[in-house]
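*Asks:* Chains A and B supply the protein sequences, listed in that same order. Take any residue in the first sequence, note its place counting from 1, add 16, and you have its number in our numbering. Take any residue in the second sequence, note its place counting from 1, add 1495, and you have its number in our numbering.
Just so you know, the hints here were simulated from the structure itself, not pulled from any lab data. Treat the hints with care, since some could be wrong.
To be verified - If you want a taste of the chain A side facing chain B, the calculated C-beta under 8 angstroms gives, among others:
#, residue
1, 76
2, 78
3, 86
4, 87
5, 92
6, 167
7, 200
8, 201
9, 224
10, 229
11, 230
12, 245
13, 248
14, 320
Claimed, not checked - List time: in silico SDA-like cross-link candidates among lysine to any residue, alpha-carbon distance up to 20 angstroms:
#, chain 1, residue 1, chain 2, residue 2
15, A, 287, A, 90
16, A, 246, B, 1935
17, B, 1855, B, 1935
18, A, 246, B, 1623
19, A, 246, B, 1624
20, A, 287, A, 92
21, A, 246, B, 1620
22, A, 287, B, 1717
23, A, 287, A, 75
24, A, 287, A, 127
25, A, 246, B, 1855
26, A, 246, B, 1626
27, A, 246, B, 1805
Heads up, the beta-carbon is just placed ideally off N, CA and C, and yes, glycines get one too.
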Amino acid sequence: MRRQAGSMLRPVAALLVIALLVASCGGDNETITIYSGRTENLIGPLLEEFADTTGVDVEVRYGQSADLALLISQEGERSPADVFISQSPGAVGFLAGEGLLRPLGDQVLSLVDPRFRNDDGLWVGMSGRVRVIVYNPELIDPEDLPESVFDLTDERFRGQVAVAPSNGSFQDFVTAMSEVHGETGTLEWLRGLVDNDAQTYANNTSIVQAVGRGDVPLGLVNHYYNYRAKAEDPEVLSENYFFPDADIGSLMIVTALGVITTTDTPDLADKFAEFMLGEEAQRFFSEQTFEYPLAGGIEPSGELPPLSGIDVATYDFDGLGGGLERTRELIDESGLEGS
Amino acid sequence: MRAALKVREPNLTPTTASPPRTGRLQLAIVLIGLAFLFPAGYLLWGTLTVGGDFWGSLVSARTLRPLANSLLIATSTAAACAVLGTVLAWIAVRTDLPGRRLWRVVFPLPLVIPSFVGATAVLSAFGSGGLIEFVPRLEGFWGAFVVLTLLSYPYVYLPVAARLSSTSASIEEASRLLGSRPVRTVFRIVLPQAREAIIAGTLLVFLYGLSDFGAVSLMRFDTITRAIFSARLFDRATALTLGLLLAILALVVAAVVRVLSLGTKTQSAETKPLQYPLGAATIPTVGLVVGVISLALVTPVSVFLFWTLRGSTTVGVGFSGIGDGLGFLIEPLLNSLLAATVAGAAAVLVVLPVAYASAKRRNRLSETVSTVISSVFAIPGLVVALAVVFWAIQAPDLLAGVYQTFPLLIFAYVLHFGAQSMGASQAAIAAIPSRLDEAAKVLGADSRRRFLTIDLPLIFPGLVAGGGLVLLSTLKELPATLLLAPTGFSTLATRIWGAAEDGFFAEVGVTSLILVVLSGVLTWLLILRRGQAP
């Protein structure tokens, strides 16, 4: 038995040695550490490209934007992160509010429309996603889809609307609605959804799947997810619908990039930000991930309705740092979560 | 006959022969206990400094309903897993079930499927628009219950199987010779013998049910973990307070269960365990086993295959088919293998002193520490990971280099999953026949020698079962891996998460298939071949 215990430890010890060898490898190149709320499929190729063209070692940690923002705030002075990439303005706004982001260089800021970046230059948008209705044409006639997101509290949509209240994009959208249409109206809308038996889901992907399966006729998500669903299964029964007339329901939400105050390579971080706003990266967002490019004069992919044709609502997400705390309270107060 | 089972506990006050060793053991237990208090300490400190309103949150209607739901799902899953895990363990170890060597590899595998993937697979499998339309869609409580039961019964199965494989057959033989029917023997003799293992495994399922977020959120069943997750960034006071509430609840339940599990001591095998011929019951038994595995393993695996093949025809970023090759998964596979085996072994070693002292001596210190270790398992993984970050960041400069290194990652795994090796080890240690120990003592063997020559061989299957649980849990672990692994260290589980996050289902499918195969190989190599000699 002792022999047996020993022989079990041997492979473990061997693996440990290998791990230490692997860990100790590494060159003397300049290194940039990125905490990325965008998953590897949606940004990995660009990071490799940046590493190849600059000779910089790119170290990346993937995770949910909110978790990584929490991590950076907990790491404080000791954060190894140089750059934070967020799926939505909320998490980056949280770090801005905590004073953990350092202003980007002017040459970086000049690349992006002021609507899609922070006024103090603490973060820039990289790509855009538009809030849409995803619907199942077998369950609802496209003609019957509402003119405004506010109509979803109508009796005719009782039990038919899927939302993901704990999702970052939904919360960003509620924040914008609250800024544009007032807190009272927003709370009333949220309560209206509850009274109208809106169906709550865990996230965007599960809403698109549920609509595709026919569990629920329509849901509020970002436009991007249905393109993914179609890429996996071209036959899937789910379609995007953009609200007309710059309705707040068709809000453009940006994915964002900020530089952490503790970085020891601010110039490299700026260079990285410039790369992400450059032609190549913006083309990647347009053609590979079906998002709306925000810089470099790149047009959206032919697969997407052009921005000029869909009347996207925009909103200056600067106020998000504090705004989201209030949004959470509103959602909590309405009882939408867990309903 | 039953009287023979009740081996009276001799007075096991520490032997006077080796007081320094006992002192060192006590010190080790105190240090281990302090380490396992990290998550609760972080939650307490956070609640106090961020200004969480503990009592206010506790009685708020927005807490009570999800809390009641958490208790409901944890209790019901624990009960279902207690039955399912015990029945499967008995069938696998004690009957002549055809193909049982294969079944023993297959039974523990559902544990390795991350709950959010399992839930997504079940949603895609059944109901209208699913792969099998005539089975109704599972959602809400029933959806979460079915998914968590099918994925968590191995918490009971592995320790009970280990226990049954090392239980003396002579008593059962005697019972049967005296005319008891097999079923009666099972209830009167076998169940009491495996009692500690069953209780330990059931407690693990309960604690896991409290901590799960993936399955309940996708099944749209509102629990306290949802409240914690959705408050984590913009309402930290609430998130920390609710986390603390969960930790306290787990402590109380673990303590009560520990008290309940005190009782008759049982014996380990000195002979080969008895095997029952199934006879006419063979076909129903095979039917049961096939049914369970069809739901728990064949269903998710079929969905993974379906996703893999369906997505293979499309183009775009990410995985676009087997044709592209699977080379991108080699590094995550090796990382998973490394992290899981090291974590499994480390958890057994770290927890062993506490398990040993609490099962053999039952003193207050070791009992308290063992309860603390158990309770950590109920705390959501993200909170455990953030707690480790918190303490590592506070650490003096000397230790700053430890942050986001492999050893710290292993430390986090051991903190979170130590409960799993604790339960199985305690059950095994409690079953050591004390007369052997006594005899060895009389013959002059010191405590070290007695441990190595008598105790260790007898408890080895239990230790391996506990280590195996930790291994399989680590293979699917996400939050600690994402936050604490060395930057750039990806595992199969983190790849699955990343792909699922943005709806890359073909990649989720193929990576999950590889995860299941890897677990099968590891279960066979490390858990079965080392643990219970068939």
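*Asks:* Against this structure, judge whether each hint is valid.
*Replies:* The hints, checked one at a time:
no., hint, in the structure
1, 76, "holds, 6 angstroms"
2, 78, "holds, 6 angstroms"
3, 86, "holds, 6 angstroms"
4, 87, "holds, 5 angstroms"
5, 92, "holds, 7 angstroms"
6, 167, "violated, 24 angstroms"
7, 200, "violated, 21 angstroms"
8, 201, "violated, 21 angstroms"
9, 224, "holds, 7 angstroms"
10, 229, "holds, 3 angstroms"
11, 230, "holds, 5 angstroms"
12, 245, "holds, 6 angstroms"
13, 248, "holds, 5 angstroms"
14, 320, "violated, 14 angstroms"
15, 287/A - 90/A, "violated, 26 angstroms"
16, 246/A - 1935/B, "violated, 70 angstroms"
17, 1855/B - 1935/B, "holds, 16 angstroms"
18, 246/A - 1623/B, "holds, 19 angstroms"
19, 246/A - 1624/B, "holds, 15 angstroms"
20, 287/A - 92/A, "violated, 23 angstroms"
21, 246/A - 1620/B, "holds, 19 angstroms"
22, 287/A - 1717/B, "violated, 44 angstroms"
23, 287/A - 75/A, "holds, 15 angstroms"
24, 287/A - 127/A, "holds, 12 angstroms"
25, 246/A - 1855/B, "violated, 60 angstroms"
26, 246/A - 1626/B, "holds, 18 angstroms"
27, 246/A - 1805/B, "holds, 11 angstroms"
In summary, the structure is inconsistent with hints 6, 7, 8, 14, 15, 16, 20, 22 and 25 from the numbered list given earlier, while agreeing with the others.
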